[in-house]
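First to last, the protein sequences are chains A and B.
Heads up: the first sequence runs through residues 1 to 293, numbered per our numbering.
Heads up: the second sequence runs through residues 1001 to 1264, numbered per our numbering.
Facing chain A, from chain B, some residues (calculated, C-beta under 10 Å): (1) Y1056; (2) H1077; (3) P1131; (4) N1133; (5) A1170.
Don't read these hints as lab results, they were simulated from the structure.
Just so we're clear, the structure is a prediction, and the values are computed from it rather than from any experiment.
Each residue gets a CB set at the ideal place from its N, CA and C atoms; glycine is no exception.
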Amino acid sequence: MSLDKRMSAAEIVAQLSDGMTLGIGGWGPRRKPMALVREILRSDLKDLTVVAYGGADVGMLCAAGKVRKLVFAFVSLDAIPLEPWFRKSRESGALEVLELDEGMFQWGLKAAAFGLPFLPTRVGLGTDLAELGGLKTVQSPYDDAETLIAMPALKLDAALIHVNRSDWRGNVQVFGPDTYYDEWFAKAAAKTYVSCEELVDRMEDHYPEGAQDNLFERCFVSGVVEMPCGAHPSSMPPHYGWDMKAFKAYADSARDPGDWAQVASRFVGASEAEYLESIGGKEAVAALSLPIF
Amino acid sequence: MSDITLVDLCIVACSEAFRGNGEIVATGVGPVPRVAAGLAKLTHTPELMMTDGEAYLVEQPVPLGPRKYDDRKPAGHLPFSRFFDSAVWSGRRHAMVTPTQLDRFGQINLSYMGGTYDKPKTQMLGVRGFPGNTIYHPNSFFFPVHGPRVFVPQVDMISGVGYNPAKRVAGGNFSGVNLRRIVTNLCVMDFGGPENQIRVISLHPGVTFEEVQAATGFELARAENMETTRLPTAEELAVIASLDPHNIRASVLKDNPPAVRAAA
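Okay, chain A solo, but in the shape it has when bound (with noise of 0.2 Å):
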């Protein structure tokens, strides 16, 4: 087998079909693989399942009208806490959702990850998760005898991650102050795809130094993408923050004007060279700072 893993963009897409349930890296404004978000929002992929820390992600391709059903424990932007364009969908009822805890959700790509149908957990008891959701329980083998919520495998046809480096072979570096659950969505897909800010020939040849940095082996990886700034507008330490300008003027245009179409090729754009020139090219990237909390 061929061992080089580049695609293109578009190559990446037409991997994934319609009513696939796809998994997002990142949290939150964090992290976020947006170019590949965005090429699926120039494609006519429809009827996802999408399971993510959701942000800006999954408030665009709600917007847009591709998913068909989100898991999710919250959708936020940070500074602009609730999510303008995934709360119009739901309040339009148009989603079918699964809400999970935080945690809950990282045990079922634990579970999806080693093959499990589930995981147990206390997470979930007292609250309306398990009713609503339609979680089960079981009750523990041993003599304590304890009653746990079954967390199902969250089970992921694809997942999509952006990571600091790679090589063609999918050798990852992934680094910065925390990289959430972005190991687990790639152990709990079938196929994972990633987009990265440098792509190398050889990781061994350029940064053996950063070995430990390799969060998930190359056997998650299938196809690899050199996307830089493809994680804008949300953030990819060490090398920029989030764009809160470009968030906000985002989040606004869920009031005024309100619909997705009149606004979708200026926060997607006709292609990501486009949509980088349109928001001031790399150096207004590289520019945005690291965000203080």
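Place chain B on chain A using the hints.
Coordinates of chain B only, in the frame set by chain A:
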């Protein structure tokens, strides 16, 4: 004394929730709880652990507001990717948060209000980590506006575990449910009434129990030794100012009132 603000009194009351908590992660979400956690660590409970709000553990609480990205001095690392393993599911955390609603059982809601699961009238954040937080570790709450829209008889979507007997699943282990304190602009409450009923333990200066009851959508208990919430000390005020150098806390309570009400 007359220039002491109510928000500083609230911060001190919130910090008391963390007193003597031990080596656990104190998480304060929002300006008042966050400054309160820092105040607790810098005064009575130095063993507390806390993050910079992102992914690093710091021994010097980071102040609110603009500062340089590298101003924090990391002493450890607690990213979200380890958060459930290290802090939440191990019970080594006490969070103070502000949900949208809280009911008479201490059940909280931040998911949606009105309508249904499939078509909510008002979609909010989603349950985030609250189901796990509330079954595994202590939680306290801060509300800047004590009113009947916040303190409701029954929340619309139970996003956090409370003391509702009807929600106790047979065989479930609820031993980690530990709701500690509720601090508002009017009073301090805990869950120490009969069957964990919410009770007022101190009233802020000039506030009456009747006023608090009238602003609450369910019946409150009254602690036998109900006190007046104490004023901050000079030392506490200095620490609070150092943790909020831009005075962001001044915008938390409407009109930033004084701690002691002017006589009517």
